[in-house]
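Asker: Sequence:
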Amino acid sequence: MRLIIISDTHGQHESMDIPDGDVLIHAGDFTEHGTLVEAEEFDRFLGKLPHSHKLVIAGNHDFAFETHPELAAAVMTRSTYLCDEAIEVGGRLFYGSPWQPWFMNWAFNLPRGEALAEKWQLIPKDTDILITHTPPFGQGDIIYSGEHVGCEELIKFTEEIRPELHIFGHIHESYGITQNADTRFINACSCNTKNKAENPVLVIDI
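If you read the sequence shown in the working numbering, its first letter stands for residue 2, the second for the next number, and so on.
Calculated from the structure, these hints are not laboratory results. The reader is advised that the hints may include incorrect statements.
To be verified - Only pairs whose alpha carbons sit at most 30 Å apart, straight line, appear in this in silico DSBU-like list of lysine-lysine:
(1) K120 / K55
(2) K126 / K55
(3) K157 / K126
(4) K49 / K195
(5) K157 / K55
(6) K157 / K120
(7) K197 / K49
(8) K55 / K197
(9) K55 / K195
Put together the whole structure using the sequences plus the hints.
Answerer: This is how it looks when you write it as structure tokens:
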């Protein structure tokens, strides 16, 4: 199964060269300003792509999906929108969640610690492909200062359930793939540090 993985496109999806594959995954921040109009434009774009399955989660820019969740979810007619939900594709369990450690006044913010741990406890223990917007602490989460800003509770849970892949975005500075003994961690930010969607689309065969 070929996964085509993007994140943090910030409304620039039309400028991207997205290869064919079995499952297209977007790990959040497909809008820039979080409006329903932007979400509708993104949905129309997805409708032009050939992938059999398209899985999408929201990110901190995608305000409408937090403030008007039912209305926003209804816009996503050409993909499967996951918000603390799982879906099985090709015999593997995919789970998507938008939450992140508190970051300014963006969408899907929660305080570090217990509030986030409660969200991660919803993830099925047999998840094969985990999709979050935030990185876990210590994997694909380094900002300009050299500080790790990922979620401490998320890395604990990821190390417990040991998914095959953990896909995320959010931290543009840390685009790329890292790995521990059990999991490949994929920061799929399409936008680079200049907020231009110029990072190569990541293609993973599983």
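Asker: Look at each hint and say if it fits the structure.
Answerer: Structure-based check of each hint:
1. K120 / K55: holds, 23 Å
2. K126 / K55: With Cα atoms ~23 Å apart, K126 and K55 stay inside 30 Å; holds.
3. K157 / K126: Answer holds: K157 to K126 is near 13 Å, not above 30 Å.
4. K49 / K195: holds, 27 Å
5. K157 / K55: Distance of about 28 Å is within 30 Å: holds.
6. K157 / K120: holds, 13 Å
7. K197 / K49: holds, 22 Å
8. K55 / K197: Holds - the C-alpha atoms of K197 and K55 are around 23 Å apart, at most 30 Å.
9. K55 / K195: holds, 27 Å
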